[in-house]
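Use the sequences and the hints to build the structure in full.
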Amino acid sequence: MKDNFYILLVISIAGIGMIITGFILLQVRNQNKLLRQQKQLAAAEIMHQKTLLQAVITSQEAERQRIGSDLHDEVGAVLSSLRMLIEKHSDGDAFAAEEGFTEQSKNIIDRVIKNVRQISHNLSPHINGDLGFYDAVHELCDTVRNSVPIRLTLDFSEEHIPADLNNSTAMAVYRVLAELINNTVKHAKADKISICIRTATDAMQISYADDGIGFTNDMGFSTKGMGLQNIESRLNMISATWAMAPGNSRGFAMDISLPIK
Amino acid sequence: MKQEYIYMNVIAPAFILLPVAIAFLKYGALSKPARLLLGYLLIDTLVSILSSALAFYHIANTPLYHIATMIETVLLLYFFYGIFQQKYFARYIPWAMVLFPVACIINTLCFQHILEFNSYTLSLQSLLIILLCFLYWWHYENELAKPWAGVPLNWIISGLLLYFSSSFLLFTFSNAALTYLSVKNFILVWNIHATLSVVMYIFIGIGFSKYQK
Numbered sequence: 696m697k698d699n700f701y702i703l704l705v706i707s708i709a710g711i712g713m714i715i716t717g718f719i720l721l722q723v724r725n726q727n728k729l730l731r732q733q734k735q736l737a738a739a740e741i742m743h744q745k746t747l748l749q750a751v752i753t754s755q756e757a758e759r760q761r762i763g764s765d766l767h768d769e770v771g772a773v774l775s776s777l778r779m780l781i782e783k784h785s786d787g788d789a790f791a792a793e794e795g796f797t798e799q800s801k802n803i804i805d806r807v808i809k810n811v812r813q814i815s816h817n818l819s820p821h822i823n824g825d826l827g828f829y830d831a832v833h834e835l836c837d838t839v840r841n842s843v844p845i846r847l848t849l850d851f852s853e854e855h856i857p858a859d860l861n862n863s864t865a866m867a868v869y870r871v872l873a874e875l876i877n878n879t880v881k882h883a884k885a886d887k888i889s890i891c892i893r894t895a896t897d898a899m900q901i902s903y904a905d906d907g908i909g910f911t912n913d914m915g916f917s918t919k920g921m922g923l924q925n926i927e928s929r930l931n932m933i934s935a936t937w938a939m940a941p942g943n944s945r946g947f948a949m950d951i952s953l954p955i956k
Numbered sequence: 065m066k067q068e069y070i071y072m073n074v075i076a077p078a079f080i081l082l083p084v085a086i087a088f089l090k091y092g093a094l095s096k097p098a099r100l101l102l103g104y105l106l107i108d109t110l111v112s113i114l115s116s117a118l119a120f121y122h123i124a125n126t127p128l129y130h131i132a133t134m135i136e137t138v139l140l141l142y143f144f145y146g147i148f149q150q151k152y153f154a155r156y157i158p159w160a161m162v163l164f165p166v167a168c169i170i171n172t173l174c175f176q177h178i179l180e181f182n183s184y185t186l187s188l189q190s191l192l193i194i195l196l197c198f199l200y201w202w203h204y205e206n207e208l209a210k211p212w213a214g215v216p217l218n219w220i221i222s223g224l225l226l227y228f229s230s231s232f233l234l235f236t237f238s239n240a241a242l243t244y245l246s247v248k249n250f251i252l253v254w255n256i257h258a259t260l261s262v263v264m265y266i267f268i269g270i271g272f273s274k275y276q277k
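First to last, the sequence lines map onto chains A and B. Take any residue in the first sequence, count from 1 to its spot, add 695: that is its number in my numbering. Take any residue in the second sequence, count from 1 to its spot, add 64: that is its number in my numbering.
Watch out, some of these pointers could steer you wrong.
Below are the DSS-like pairs computed for lysine-lysine, each with C-alpha atoms no more than 25 angstroms apart in a straight line [unchecked claim]: (1) B:K274 <-> B:K90; (2) A:K697 <-> B:K248; (3) B:K96 <-> B:K151; (4) B:K210 <-> B:K274; (5) B:K210 <-> A:K728; (6) B:K151 <-> A:K728; (7) B:K210 <-> A:K734.
No lab work stands behind these hints, which were simulated from the structure alone. As the structure is a prediction and not an experimental result, all values here were calculated from the model.
Set out below in structure tokens:
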């Protein structure tokens with residue numbers, strides 16, 4: 696053999712060293728990259744959670760303001776008029792006024808009771824058991840039909856009442872529907888809302904649609920309005936999945952699928 | 065021809081027809097680097113046929129390898145130049161395309177005579193290709209738009225890396241093997257090399273098949 700042994704040895708060492716170093720460097724780089732991606736994902740998740748929390752806190756504040764305003768307008772005003780009535784009658788002829796005073800007082804107290812019941816019902820609708828959910832959804836739709844000029848159709852028959860739906864899940868679904876209707880009424884300029892609730896053996900399907908101006912923001916769910924963020928929080932809480940109609944379509948539509956045990 | 069030579073000299077080299085056939089079928093869809101690789105395969109085919117023919121007639125085929133190493137390496141370097149065109153280190157590849165043939169000529173004139181096997185330059189060729197394969201993995205692993213198997217170059221580079229990294233020690237010690245190994249073992253070693261080249265051709269063939277218009 697005329698080949699120089701040392702040259703062969705150097706070439707061999709260089710080649711094997713290069714292959715091994717190459718694999719090590721690629722491994723190090725891949726691991727670092729993976730770590731970086733995991734950190735970015737975690738940061739994005741934290742940011743998303745923060746946004747959701749912010750939405751929850753803001754909506755809590757808004758709800759408190761609404762309760763305060765309801766108490767002030769509906770209860771406070773009526774109680775003030777009751778006070779004025781008592782003052783008025785304490786100055787005059789007690790006997791002559793007695794009959795009218797009692798009747799007026801009763802009416803005012805009835806109004807207070809009715810208003811307090813209404814506020815309390817708005818705060819926490821009485822949803823108890825499967826039929827409770829069914830009744831609450833129908834009542835919500837009736838209230839909307841009676842208060843705003845929107846044609847609302849609800850397709851939710853008794854045969855689709857989900858069995859074993861726990862109260863907190865039912866409440867969350869109710870709130871989501873209320874929020875969706877609220878969004879449509881406030882922003883969508885819609886003439887029509889249709890809601891369809893179907894229950895299969897393992898899931899409840901809710902389809903919501905309106906014929907309003909639609910939802911054109913396609914920047915991602917987390918960047919949308921607070922109403923939608925609330926909906927997202929609630930749906931996450933009950934492990935539901937959802938899909939919205941693509942942006943720029945005529946009207947807004949959302950399909951929700953809720954697993955039920 | 066002896067039975068042990070048939071696999072090494074006929075069956076294994078015939079596998080080169082697989083990537084060549086696929087490349088011709090998909091020629092319109094092939095990128096420029098892939099067409100250069102087809103050129104490399106065609107030269108390789110020619111070298112295999114000539115080498116087997118010379119061996120059959122007991123004529124020394126080492127001069128053929130001295131020339132083929134030069135041409136094949138330049139073609140492979142040009143192939144990598146096509147891939148790395150946008151990268152900062154691509155400008156060094158043309159230098160390698162000039163310097164490598166010079167090194168081959170110096171080796172033939174000063175170190176390994178034309179009638180000797182050119183183990184030094186073949187080893188150097190392997191080192192260059194291994195380095196460029198690693199550079200590919202370093203710079204192109206970010207392309208996550210397609211699954212790994214859907215990227216033609218992933219297959220081609222894998223085939224090249226597999227072949228050159230496993231054949232590199234064989235090239236380096238080929239002259240030593242001729243001296244120290246028995247004929248039977250020497251043939252066995254070159255049969256292993258033939259198998260590695262079959263694997264490379266299959267990988268390149270799969271790579272060519274992945275090109276889409």
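Cross-check of the supplied hints:
Note on B:K274 and B:K90: the hinted pairing holds, with a Cα-Cα distance of about 9 angstroms set against a maximum of 25 angstroms. Using a Cα cut-off of 25 angstroms, the hinted pair A:K697 and B:K248 holds, with the two alpha carbons roughly 22 angstroms apart. Taken as a hint, the B:K96 and B:K151 pair is honoured in the structure, with Cα atoms around 17 angstroms apart against an allowance of 25 angstroms. Proposed proximity of B:K210 and B:K274 is supported: the alpha carbons are some 12 angstroms apart, at most 25 angstroms.
At roughly 18 angstroms between alpha-carbon atoms, B:K210 and A:K728 fall within 25 angstroms of each other, so this suggested pair holds. With a CA separation close to 20 angstroms, the supplied pair B:K151 and A:K728 stays within the 25 angstroms bound. Taken as a hint, the B:K210 and A:K734 pair is honoured in the structure, with Cα atoms around 24 angstroms apart against an allowance of 25 angstroms.
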